[in-house]
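First to last, the protein sequences are chains A and B. Under UniProt numbering, residues 1 to 634 are what the first sequence spells out, in order. Under UniProt numbering, residues 1 to 634 are what the second sequence spells out, in order.
Simulated from the structure, these hints should not be mistaken for lab results.
Since copy identity is lost for identical chains, a pair holds within one copy or between any two.
Calculated lysine-lysine pairs in the BS3-like style (CA-CA distance at most 25 Å, straight line):
| hint | residue 1 | residue 2 |
| --- | --- | --- |
| 1 | K626 | K593 |
| 2 | K616 | K626 |
| 3 | K465 | K133 |
| 4 | K69 | K80 |
| 5 | K626 | K596 |
| 6 | K596 | K616 |
| 7 | K254 | K301 |
| 8 | K563 | K545 |
Protein chains: 2
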Amino acid sequence: MSVQQTLNEIRDRIIEEVPKEITISNVEFEGPEVVIYTEDPRKFAKDGDIVRELAKKLRKRVTVRPNVKVLSDPEKARNKIKEIVPDDAGISNIYFDSEFGEATVEAEKPGLVIGKYGSTLREITENIGWTLKVIRKPPIETPIVQSVRQYIRAQSEERKEILKRVGRKIHREPTSEEEWVRTTHLGGSREVGRSSILLTTPESRVLVDCGIKPGSNQTPYLHIPEAYPISDIDAVVITHAHLDHSGLIPLLYKYGYEGPIYCTAPTRDLMALLQLDYIDIAARESDRIPYNSKMVREATKHAILLEYGEVTDIAPDIRLTLHNAGHILGSSMAHFHIGEGLYNVTVTGDFNSGKSRLFDSASNNFPRVEALIMESTYGGAQDNQPSRRRGEDKLVDIVNKTTRRGGKVIIPAFAVGRSQETMLVIEEHMRNGKMDKVPVYLDGMIWEATAIHTTYPEYLNEKIKNRIFHKEKNPFLSDIFHRVDSNNMREEVIKGEPCVILSTSGMLNGGPIIQYFKQLAPDPENNLTFVGYQAEGTLGRRIQKGWDEVPLSGGNERTESVKVRLEIDSIEGFSGHSDRQQLIEFIRSMKSKPEKVLTVHGDEEKCIDLASTLYKKFHMDTLAPKNLETTRYI
Amino acid sequence: MSVQQTLNEIRDRIIEEVPKEITISNVEFEGPEVVIYTEDPRKFAKDGDIVRELAKKLRKRVTVRPNVKVLSDPEKARNKIKEIVPDDAGISNIYFDSEFGEATVEAEKPGLVIGKYGSTLREITENIGWTLKVIRKPPIETPIVQSVRQYIRAQSEERKEILKRVGRKIHREPTSEEEWVRTTHLGGSREVGRSSILLTTPESRVLVDCGIKPGSNQTPYLHIPEAYPISDIDAVVITHAHLDHSGLIPLLYKYGYEGPIYCTAPTRDLMALLQLDYIDIAARESDRIPYNSKMVREATKHAILLEYGEVTDIAPDIRLTLHNAGHILGSSMAHFHIGEGLYNVTVTGDFNSGKSRLFDSASNNFPRVEALIMESTYGGAQDNQPSRRRGEDKLVDIVNKTTRRGGKVIIPAFAVGRSQETMLVIEEHMRNGKMDKVPVYLDGMIWEATAIHTTYPEYLNEKIKNRIFHKEKNPFLSDIFHRVDSNNMREEVIKGEPCVILSTSGMLNGGPIIQYFKQLAPDPENNLTFVGYQAEGTLGRRIQKGWDEVPLSGGNERTESVKVRLEIDSIEGFSGHSDRQQLIEFIRSMKSKPEKVLTVHGDEEKCIDLASTLYKKFHMDTLAPKNLETTRYI
Ligand SMILES: [Zn+2]
Ligand SMILES: [Zn+2]
Ligand SMILES: [Zn+2]
Ligand SMILES: [Zn+2]
Ligand SMILES: [Zn+2]
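Just need the whole structure built from these sequences, with the hints factored in.
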């Protein structure tokens, strides 16, 4: 059956199912969705159940869009919206996208725009024809989110073309008679960095993540025949925005990929932020720059956003569902349902099965998983982490002793994840008086990344979400935090009073942290505290290992040698990763246990150790694959 | 460095090395060889050492060819050859191939054409310009060998083009900075049948074997991206002619491959014989026929013949050496030397590390092997075979008791290997009187295959070779053997006196054996004796398992049911494969032991059992890969 035949069948089915008085003008595949164009959006709007019923019957995601000729003039529509929505909602912006017949309303209180069970939304659509999307006005300004959203709106015509093309590809007729499922490991096996896994069936190929390797120039093996041609890959899925998972996504577009990227909304925005920062830093340090900002925009343009739990067709024989991974904002586990019940593979990405200050713990309640590809960052025999509480106490001690002796505490941190977690710890303990109140400076991308967190509160846990909704309780708006946004200010901080400095990059491979380190390292009164994993080959790892002198190539200057005399500490309780015990518990507590577990994303001996531990404990088939190896599941 | 630059360097080097008075008119890559065209072949011929020295210095295979303008007229040359060579040599044919400047002399006693240390050959070349190739006149007529050789001669112009193209591809400049070695298992893993392994490096891809699966329509996984495009594969290597290793080679040409096939001379001829027979049988049984005789010829045309021990460049970073596998005529182990000392992989193909009546035992004295991919046909815990002697005694008993009670003994056998081995056993025991002398009928391709054995005596062990050289002692010419070459004769044999019938196919999946079986099965006086491995899914396996009634679809007739009342025996001592003990000893006695052993070509549990046994005994990394899996070595 051709795509057109499939589409015709679906259209006939829809016409049969919806009430006679609703006119269906067109039915299209747009990305993974079936889109119904109608001249009667008002009638559709009246009964919210019609669409839900259709989706269930078709086993597809269904969206209704008004035919362009029934749309009110945008000016009139804008007035009508403001008339219907209560002033309390705090509407800050309304955008009209005629390509999709959709009006986006940005408001301080989205709930008031939506109304009870969507009643206000429906009332608006009945009046103006346009369907509505409601988004939250971020409590902190976020230029990156603004510019990403603006860009997406500007590209709406091309995006529609892309979605149609993707939609037809997803719904193409399956042609193979064989049945098998494989993964090829392009990167991130027996190492931390350049995560990239190719999932293949006779029908389809899906790439999960495509990251850089910090402290190395190694990239995923994208040039091997299994990945060739890149342009033919069906879908790219990004588990989360950290550069070791998303850093080389733009490169795919350089290599000819024009397909979709599936991820959560925060992942799309954080990814753009981190990729642009990555190009910036590379340019400043005259490193090889693999792509430019144009390719970052290409990646953004091709993003198809998914929410946790949303089941989505991404290829003729593959359905994708993202689940909360608890690791950073928007981080996901990717669950692939292959064939009609043939096989299920879950790629965990980085995950935290413990509760953190920001996120709910990773979900592991999959209906069925035959194979699990799991991270092993802390999979080694010695990798049981001290409790979060002990970690926090240690940080309080470090800050107090250092600042009391007149020193400064430098904390290198990933812009996303560890930074916000550390900010919350500091804010609490300065508020409750355990930690002396000193200024906390945020440098690099940390402020921007924090702002993005406040844009997507629905991805945070209940407690922090509620605090963010109340300006006066929003911890990120506390007056202890100061944003460093110029070189002058940086110099002032370095010369100034005792303080805490949070700065990127998290492994000291570039970013403003280098400048702080270079000037503060020779003074033994200062302190450098690691709160995250330091990969082999990075400056962070060397310092952690105790090198007392390190070479530094600073910006345009020549390489110089820096004596490391400041105090070094590592705090392990703040990790965004599960520790060894939690990794094992994650498997033990799965309702449907996998037959096969592959351990990846960890130093070689940790991947091997975890694989052998899980085999002994649960008698499942386990494996620590190598890069360039292919495993067959069925 | 481009191919042309490499070639120029080699040419300069050659001009430097050879005496001034020898004119070099051209230097070319032709397949893996460096070919020197000269106007002074006579001077080259005078000093046999020049070429040997050059080859050593260049680390290449070097051939000298006369420039076409110095060649004598073929008629004159023919007379000159006959004049120089003693009559005793028994020259039966002389062919002139002006494309290669080569004259092929077919003689009963090649040694007399060659002379002491090649003296006669040199004398001829000095006189006529042509270089000489000497081949043995087969003691038994072999239409297939004749026709293959004739075809190759007729295609000599195209063959030269092919060789030039291949030569330039082999010597292209390596471009990758990565270093890795992988194998992907396209077939023959955890199964017997459709053997096919893809060996890949960043630079090159080599396919080892491409076979059918007896009793099944399953083919190697040629359509996966790793093998795509087939036209870009650098080289195909065939370990031996059995159809489970060579049966789908012609298909590669259908899929666009135009590259070389490396194998021994007997493998090329036997392969053509078996492939043509395979098409024939498939056509007769109205099975799906994957290719036609044109593609068999394409495969033949692209064969580049290697002798055991000859080190040959087959890709910019891969050298191939074939070693005797002791399994069937021309069977080889393929040893791949990758990079300059980077890594060595040996694919054993099927091998017999015991001595047989026909062959020396498989060699295992490789200078270096890091990884070994070995067959596991008899790798299971129960697979220790009784001695050859006990097997022979059993066959004597079976023939005597069956023929004495008036019955017939049917022995299904592969045309190549098991048939000749069995013929030799029968011949000896009828000659020494232990076995009653009854007619032995040979049907199917057996006669032709036997003739090919006598064409390549240098591939047989000393003892049988010497017997073949003396007509009166040639066991295959014994008067007990009768060739069945018509349906009438077949019917007569079936109705006739007690006898032994050897017929193909060896697993009763087609061939004339079906007709014998159908008519002789219902009579309990008859006997069916298996002397070879019966694959899962074949009729042979069912009968061996004891089915007392089997369905038979005979030619154009409908499927009918045949009652199996005749006596069934299996003799295991004649196998062309190593038994379990021998497989283990093969590893134990290797001077340079591999770090890694992959077990393939065996039922699933046998591959797994052998892998785990070798791991326990030798503490090496072992693995029973699955089809579609990829293993990385370095
Ligand atoms: Zn991460
Ligand atoms: Zn990661
Ligand atoms: Zn991480
Ligand atoms: Zn064989
Ligand atoms: Zn075989």
